[in-house]
Amino acid sequence: MGETLFLDLKDFALAVAAALLPGGLLASVSALISAGAVLVVAPVTMMFLTWVERKGVGRFQDRYGPNRVGPFGVLQPIADGIKMILKEDIIPDGSDRLLHNIMPVLAAAPVFLLFLVLPFGRGMVAADLNVGVLFFLCISSMQSPMIISAGLGARSKYSVLGSMRAVVQVLSYEIPMVIVIVAVVMTAGSMSTSEIVAAQVRDGWFVLTPWGAFGFIVFLIAATAEANRSPFDMSEAESELVAGFHTEYSGFKFALFQMAEFLSAFASAGLAATLFLGGWQGPGFLPSWAWFGAKALGVYFVLVWFRATLPRFRIDQLLALAWKFLFPLSLLVVVAAAAWYFMPLLPALVTNLVLLVGGYGLLSSWILSEFIRMNAPRAVPDAR
Amino acid sequence: MPLMPEPPIPAADALDEEVRRHVVVTRWNDLIATVDPVTSWGRRSSLWPLQFGLACCAIEMICTAASRFDIARFGAELFRPSPRQADLMIVSGTVTKKMIPMIVRLWDQMAEPKYVLSMGACANGGGPFKEGYNVVSGVDEFLPVDVWVRGCPPTPQALLNGLMELQKKIDEESFVGAWKRRRRPEVEVPALGPDLVDRRQIPDIRAAAGKGEAQRLVEMKLKPVLKPAPKAGPLSSLEASDAALKDAGMKLAARVGADHVQAAGHALVVDRSVWGQAARVLRGEMGYDFLANLTAADYEGTLEVACHLYRTDQTGGQLAVKVRTDREQSEVPSVSAVWPGADMQEREAWDLLGVKFTGHPNLKRILLWEGFAGHPLRKDWCEAYYEEPRKMFSSRWKEGRVRPGETRVRWGRNVIYPDGFDPSTLPADDAVPADSGNADDRHLPVSLGPQHPSTHGVFQVRALLEGERIVKLEPVMGYLHRNHEKIGERNTWIMNFPYTDRLDYLTSMANNLAYAIAVERLAGIKVPERAEYIRVIMAELTRVVNHLWSIGFLLNDIGAWFTPSLYAIEERELVLDLFEMAAGSRMMCNYMRFSGVAADLPEGFLPAARTLVSERLPRAVDTLDKYLTKSEIVGSRLRGIGVLPRDRAIAHSASGPVLRASGVAYDIRKAEPYSIYDRFKFDVVTAPGGDAYARFLVRLGEIRESLKILDQALAGIPEGPVIEKNQYLLRPPAGEVYSRCENPKGELGFYLVSDGEGSPYRYHVRAPSFINLSAFDEMCRGHLVADVMAILGSIDIVLGETDR
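Protein sequence lines correspond, in order, to chains S and W.
Its first residue numbered 1, the first sequence is counted upward by one per residue in the working numbering.
Its first residue numbered 1001, the second sequence is counted upward by one per residue in the working numbering.
Derived from the structure by calculation, the hints contain no laboratory data.
All values reported here derive from a predicted model rather than from experimental measurement.
Glycine included, each C-beta is placed from N, C-alpha and C at the ideal position.
Incorrect hints may have been included.
[What the hints assert, rightly or not] Derived DSBU-like pairs (lysine-lysine); straight-line CA-CA distance at most 30 angstroms: (1) W/K1626 to S/K324; (2) W/K1670 to W/K1708; (3) W/K1526 to W/K1725; (4) W/K1364 to S/K157; (5) W/K1708 to W/K1626; (6) W/K1227 to W/K1211; (7) W/K1364 to W/K1221; (8) W/K1630 to S/K324; (9) W/K1364 to W/K1246.
[Stated by the list, open to error] A short list of chain W residues far from chain S (calculated; beta carbon distances all over 10 angstroms): (10) R1043; (11) H1452; (12) E1468; (13) K1526.
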């Protein structure tokens, strides 16, 4: 039932192309069609996500959210888009014109690449790289230099502070994230996203194993931080840094930053679904791509939930959380995954629970006491 | 049957019509006509307001975003803190001269298309504060206003209506037209000289000031009158009822010399030559560790500094000490080293009255700006819109002839310039003051505010950072200084009630109560039983409302995305409904009167209040408690932050929850019971930590205690009259009083001097939000930027009261 809808569409387009073009070009045409699909899907997703965010947060806050444009306010993102693209573009006198102009584009562009390696359904991955996960990680970390240059280029103090925060934050959270992905890759025996899904078809979803559950949590936290979302939205901390690195960007430049943020959050949600939640697989009453969408949106909804619920960490606490809690925990996840792979079920279960639950208990009580200890004001030399 | 001639069909016209209707793009203008609705629709449906609030109206603006009204329905809930990303500037509140340069700059920083919505009486034209010396009478003097919203403050419904009016206006906008005028010329940022200088008027001002004509058009008919200070006599002249005062005077005299201590009224008068020594004796040996209030009053030939001292270890026992100095060469030794809480109060007395405190470490203006001409609270200092020393003004009274202030001054607005003033000498741009810290390689000066998401209004924090750590921090205020005291000294006594509403605009009922009690003490007025109960009910409901709000916004300050505050506002709305039932206004209640309250409770009030207090609010508090108190993030963000140890809290004259969170069980409702608080059973909530978390816990606990009081009061309220006698033209006997109440934010005191006339001779407000800030720098040092917001949020200030 619609399972092969998108693949059929592509085949049809290819057949048309084959009739019109010489055979040697078909491979490029196929790639172009896939890329074009990503280029179309991504902005539409972005619009949908902003709507989900605003309606979702609205509901969390016991109010309606946008409802004046279209049914349930679904046209709100379009109105926002029209407004933003028509808004004046201000380049402050003090800022670096070149950086100010290119950084929004450079920040948004890599996000589209993330969608290339996500398996949206059975056989629906635009580029089935055998190092898909690695590709995803590389591309997703390309965003941070852009954010940094964008902030520095604006030369506003708030932007600079926001950029500095972005550097340390992304550096720190990349590490636990990569380590838990190592556990997944080890178990699945491949770095290809479609292979990882296939492994979960074979062995069951990873999130249902103890190491997978903990790995999923670590991944989710790290991905939230990496995507700059609350409670880790340090680089644009509204209550401290006004709007952080994008304080000086107006109109569509600002929209591009927003797009980068929303889409990378969604891509991370998609990766989480791929790595831990069995990707596109699910009972047959829905097509595989619908399952993927549902899972990715479900993970994304958790991010919205975070945002509507949690206050923000402080920058030093955020780093402590990465290094003193997530990093050791992710190492434990790797060990536990190895145990799960090699041992028979019962000893594996025991080892896993001892390692993970024990480790979690110890680490979390330690980190909480650390947080309080870190709150003591540190003596600073008097500037007077 | 003959054929009827068919009516002629104008085929060509019909075709034309058909083509025009269905094949739209036939001409360039038609193309544009299809574009316009789309672009206007985009703009109207996505009006993101600039996140900045000026005064009381901002509170209603925030309520508009909360669940009952939900501005998000219009797609306008994304309040952007950065002007670059905002479409709509809601000028929500009083525009002061000190603030207008920032507002204009923000406007200039916004990207076209941009709109201004002037919200409330003050932004429209100065409102109740129009005559104030620091108030701009209408934001339209500088910015092109698109929509005006009436009200003081406008209700959220009114603001939404304003938004819809703006949408209608945008609908008529042509895209091409808007595109052509894409960038309107920037408005020149006005300068702060001896008065506000509109740079567009500089040539005219220079010409007029050179000829000595830069002032009033109409000469003052009635000049202000200076009264002599109360006569000081020997201590033995004190009456028997002042035995405690006499006792204290004798003790002090024994230490600083008998001829240096005298008595006047119910106060000691200490010679200024020994004031420093006397202060140390009072603080040290005699144990008066709490300097509640320090202010000054202007008399004929004399400036008098008045201090009101208490002991935190014993109940009651006010000691009023005064120091006098010559009016022209005023010099009084500073006591900020003895009581650090005097620091900012002395700066205020210098700023507004020109009392020079020798030995003060930082005697700069605090509410006005350096370079302001004169000290406005001196009796003979008259602002631009000055008419007469006391209301009611004859121009608006007997003859029924109103001449607005604008017609009496040369510039058509609320400014006067001294003779010979040359505005071209003003610096080109006063954006970054030179004294924001000695910036070097390691230190970064950062200014947070006055437009900043977390400064709770127009408050500025000038911080010097090392990395993200605070090295030094200076609170800068006065951006909402709307001349409460100067206006209050011209108002009749009863006219000050609505002004007290606008002090701490979250707690108008409690402010009313504090002022009513002060005047009742001064004039010796009795209050009927039922009125006392109503007053307590209102004051405690106010406390609940304030603490809910404060906790909600504390969470906002540590980065929660409005959810806790919007839940708090939801409960607040229910209490505001009660206020509206009783007083007719939800926010600015203006409900208390001398000897009672303005009107009896309407039918249905008590049942509604009982349900709310016994069922709904306890659950709301439990919810807050459940989700916040144990939350790891809340704990790790607040514990150990901004620690104010017990002795420092007292030394800094902190009061209210800030004091009690430092472990001092000092509550005026217990220490010096007013109204009928001695009849209710409740506990003084304290917490030992002295940190932001302790302050949060104290507020949470105080809501519970308030609910206890409310339960008792709602059960015990008797029938009877609610007001003894409505005294519109009260004339309290000559004398003075310092009276204080335990307001939600702390000790709200009124220092009132009556000369037996229809308006106060001196009217001073001891504002808890203001004085609690004096420990701010100390609490922040060594913490990170993010903690500054948490600390500020935990102090809980409202700028209307801080700046008055």
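Note to self: Just want to verify: W/E1468 was marked as not at the interface with chain S; is every Cβ pair farther apart than 10 angstroms?
What the structure shows: Not fine: 6 angstroms to the nearest Cβ puts W/E1468 too close to chain S.
Notebook entry, point to check: For the pair supplied as a hint, W/K1630 and S/K324, is the alpha-carbon distance within the 30 angstroms limit?
Noted result: 22 angstroms, holds
Check: Taking 30 angstroms as the top limit, are the C-alpha atoms of W/K1364 and S/K157 close enough?
Finding: Status holds; Cα separation ~27 angstroms.
Next item on the list: Starting from W/K1526, check that the Cα of W/K1725 is at most 30 angstroms away, please.
Entry: 10 angstroms, holds
Next item on the list: Run the C-beta distances from W/H1452 to all of chain S and say if the shortest one exceeds 10 angstroms.
Entry: About 7 angstroms separates W/H1452 from the closest Cβ of chain S, which leaves it inside 10 angstroms; violated.
Note to self: For a C-alpha distance cap of 30 angstroms, please report whether W/K1364 and W/K1221 respect it.
What the structure shows: 34 angstroms, violated
Notebook entry, point to check: Going by Cβ atoms, does W/R1043 stay more than 10 angstroms from chain S at every point?
Noted result: Violated, because the least Cβ-Cβ distance between W/R1043 and chain S comes to about 5 angstroms, which does not exceed 10 angstroms.
Check: Given the hinted pair W/K1626 and S/K324, is their alpha-carbon gap at most 30 angstroms?
Finding: Distance ~27 angstroms between W/K1626 and S/K324 Cα, so the pair holds.
Notebook entry, point to check: Is it true that the CA of W/K1364 sits at most 30 angstroms from the CA of W/K1246?
Noted result: 36 angstroms, violated
Notebook entry, point to check: Does the structure keep W/K1670 and W/K1708 at a Cα separation of 30 angstroms or less?
Noted result: With Cα atoms ~15 angstroms apart, W/K1670 and W/K1708 stay inside 30 angstroms; holds.
Check: Are W/K1227 and W/K1211 close enough, with their CA atoms no more than 30 angstroms apart?
Finding: With Cα atoms ~34 angstroms apart, W/K1227 and W/K1211 exceed 30 angstroms; violated.
Note to self: Hint check: W/K1708 vs W/K1626, CA-CA at most 30 angstroms. Holds or violated?
What the structure shows: 20 angstroms, holds
Checked against the numbered hints above, the structure breaks hints 6, 7, 9, 10, 11, 12 and satisfies the rest.
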